[in-house]
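Asks: Chains L and E are the protein sequences, given in the same order. Sequential numbering of the first sequence, starting at 36, is according to the working numbering. Sequential numbering of the second sequence, starting at 630, is according to the working numbering.
Treat the hints with caution; some may be incorrect.
[As the list claims (entries may be wrong)] To give a feel for the contact side, a few chain E residues facing chain L, derived at Cβ under 10 Å:
hint: 1; residue: Pro637
hint: 2; residue: Gln666
hint: 3; residue: Leu674
hint: 4; residue: Asn702
hint: 5; residue: Tyr731
[Said to hold, decoys possible] Straight-line C-alpha distance at most 20 Å; calculated SDA-like pairs for lysine to any residue:
hint: 6; chain 1: E; residue 1: Lys638; chain 2: L; residue 2: Ser114
hint: 7; chain 1: E; residue 1: Lys638; chain 2: L; residue 2: Pro75
hint: 8; chain 1: L; residue 1: Lys84; chain 2: L; residue 2: Glu98
hint: 9; chain 1: L; residue 1: Lys103; chain 2: L; residue 2: Ser118
hint: 10; chain 1: L; residue 1: Lys87; chain 2: E; residue 2: Glu728
hint: 11; chain 1: L; residue 1: Lys91; chain 2: L; residue 2: Glu50
hint: 12; chain 1: E; residue 1: Lys700; chain 2: L; residue 2: Lys87
hint: 13; chain 1: L; residue 1: Lys95; chain 2: L; residue 2: Gln80
hint: 14; chain 1: L; residue 1: Lys95; chain 2: E; residue 2: Lys638
[Said to hold, decoys possible] Computed Cβ-Cβ distance ranges for the label pairs, DEER-style:
hint: 15; chain 1: E; residue 1: Gly682; chain 2: L; residue 2: Met42; range: 23 to 31 Å
hint: 16; chain 1: E; residue 1: Lys638; chain 2: L; residue 2: Ala88; range: 18 to 26 Å
hint: 17; chain 1: L; residue 1: Lys103; chain 2: E; residue 2: Pro712; range: 25 to 33 Å
hint: 18; chain 1: E; residue 1: Gly680; chain 2: L; residue 2: Ser49; range: 34 to 42 Å
hint: 19; chain 1: E; residue 1: Gly632; chain 2: L; residue 2: Thr40; range: 26 to 34 Å
hint: 20; chain 1: E; residue 1: Thr644; chain 2: L; residue 2: Phe53; range: 15 to 23 Å
hint: 21; chain 1: L; residue 1: Lys95; chain 2: E; residue 2: Lys643; range: 41 to 49 Å
hint: 22; chain 1: L; residue 1: Asp90; chain 2: E; residue 2: Ser647; range: 26 to 34 Å
hint: 23; chain 1: E; residue 1: Glu728; chain 2: L; residue 2: Lys103; range: 17 to 25 Å
hint: 24; chain 1: L; residue 1: Gln80; chain 2: E; residue 2: Lys643; range: 47 to 55 Å
hint: 25; chain 1: L; residue 1: Lys87; chain 2: E; residue 2: Ser647; range: 41 to 49 Å
hint: 26; chain 1: L; residue 1: Gln80; chain 2: E; residue 2: Thr644; range: 28 to 36 Å
hint: 27; chain 1: L; residue 1: Glu50; chain 2: E; residue 2: Met648; range: 24 to 32 Å
hint: 28; chain 1: E; residue 1: Glu688; chain 2: L; residue 2: Asn94; range: 37 to 45 Å
These are computed hints drawn from the structure, not numbers from a lab. Glycine included, C-beta positions come from ideal geometry on N, C-alpha and C.
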Amino acid sequence: GDSVTQMEGPVTLSEEAFLTINCTYTATGYPSLFWYVQYPGEGLQLLLKATKADDKGSNKGFEATYRKETTSFHLEKGSVQVSDSAVYFCALSDMIYNQGGKLIFGQGTELSVKP
Amino acid sequence: NAGVTQTPKFRVLKTGQSMTLLCAQDMNHEYMYWYRQDPGMGLRLIHYSVGEGTTAKGEVPDGYNVSRLKKQNFLLGLESAAPSQTSVYFCASRGGEGETQYFGPGTRLLVL
Chain L
36 GDSVTQMEGP VTLSEEAFLT INCTYTATGY PSLFWYVQYP GEGLQLLLKA TKADDKGSNK
96 GFEATYRKET TSFHLEKGSV QVSDSAVYFC ALSDMIYNQG GKLIFGQGTE LSVKP
Chain E
630 NAGVTQTPKF RVLKTGQSMT LLCAQDMNHE YMYWYRQDPG MGLRLIHYSV GEGTTAKGEV
690 PDGYNVSRLK KQNFLLGLES AAPSQTSVYF CASRGGEGET QYFGPGTRLL VL
């Protein structure tokens with residue numbers, strides 16, 4: 036079945052450092068890919084998404100490119116802030132083969148940014 | 630426009646007790662989902678609904694039941710709670726094909 040694998044955390048960075056969180060997927064069809072963020076004590080919020088190969092999703096300085104050839108959707112940010120400390124989830128949704136369009140999540144990567 | 634709301638926010642149950650978690654959305658979305666979040670495992674789908682009056686099993690449905698009598702509400706029931714059901718439960722809704730899922734704030738459940 037479809038699955039998502041993320042790099043394990045926790046990841047600890049200093050403010051203004053470069054961030055990469057790796058995400059790879061396996062899917063039968065042509066999924067849409069998402070990054071969700073969960074701030075402490077809150078629910079999940081959509082950070083960015085891409086719906087087809089070579090699309091780049093971007094938001095709040097974060098970006099990720101849908102790479103079909105490497106089945107990857109790595110999250111990057113050039114300069115992290117303390118306020119970016121959260122848990123980041125990579126997810127996929129296959130509208131054609133996945134009845135109901137449910138999301139399949141990676142295990143989450145905790146990011147801690149120190150001042 | 631409250632989005633997706635969940636009731637209650639936190640609950641402690643004893644083994645064998647029952648309870649219902651309520652999810653409500655005011656976005657007129659067709660699709661609704663119940664997930665559970667456990668450390669190191671991401672979110673896993675329990676049940677979902679593609680419209681009023683319909684429900685379907687997800688990845689981890691055992692021990693749970695659901696109902697979607699009204700389009701805006703999706704109820705998750707635990708008939709006989711077990712310690713393995715200690716988790717954080719999230720509800721989500723989606724408008725249509727290709728659209729984003731919107732999540733509620735979660736319900737933290739502790740089963741003793």
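Asks: Hints first: check each against the structure and report whether it holds.
Replies: A quick look at each hint next to the structure:
no., hint, result
1, Pro637, "15 Å, violated"
2, Gln666, "8 Å, holds"
3, Leu674, "5 Å, holds"
4, Asn702, "18 Å, violated"
5, Tyr731, "8 Å, holds"
6, E:Lys638 with L:Ser114, "34 Å, violated"
7, E:Lys638 with L:Pro75, "15 Å, holds"
8, L:Lys84 with L:Glu98, "9 Å, holds"
9, L:Lys103 with L:Ser118, "31 Å, violated"
10, L:Lys87 with E:Glu728, "14 Å, holds"
11, L:Lys91 with L:Glu50, "25 Å, violated"
12, E:Lys700 with L:Lys87, "30 Å, violated"
13, L:Lys95 with L:Gln80, "13 Å, holds"
14, L:Lys95 with E:Lys638, "29 Å, violated"
15, E:Gly682 with L:Met42: 23 to 31 Å, "41 Å, violated"
16, E:Lys638 with L:Ala88: 18 to 26 Å, "40 Å, violated"
17, L:Lys103 with E:Pro712: 25 to 33 Å, "42 Å, violated"
18, E:Gly680 with L:Ser49: 34 to 42 Å, "48 Å, violated"
19, E:Gly632 with L:Thr40: 26 to 34 Å, "30 Å, holds"
20, E:Thr644 with L:Phe53: 15 to 23 Å, "48 Å, violated"
21, L:Lys95 with E:Lys643: 41 to 49 Å, "43 Å, holds"
22, L:Asp90 with E:Ser647: 26 to 34 Å, "45 Å, violated"
23, E:Glu728 with L:Lys103: 17 to 25 Å, "22 Å, holds"
24, L:Gln80 with E:Lys643: 47 to 55 Å, "34 Å, violated"
25, L:Lys87 with E:Ser647: 41 to 49 Å, "45 Å, holds"
26, L:Gln80 with E:Thr644: 28 to 36 Å, "34 Å, holds"
27, L:Glu50 with E:Met648: 24 to 32 Å, "43 Å, violated"
28, E:Glu688 with L:Asn94: 37 to 45 Å, "28 Å, violated"
Checked against the numbered hints above, the structure breaks hints 1, 4, 6, 9, 11, 12, 14, 15, 16, 17, 18, 20, 22, 24, 27, 28 and satisfies the rest.
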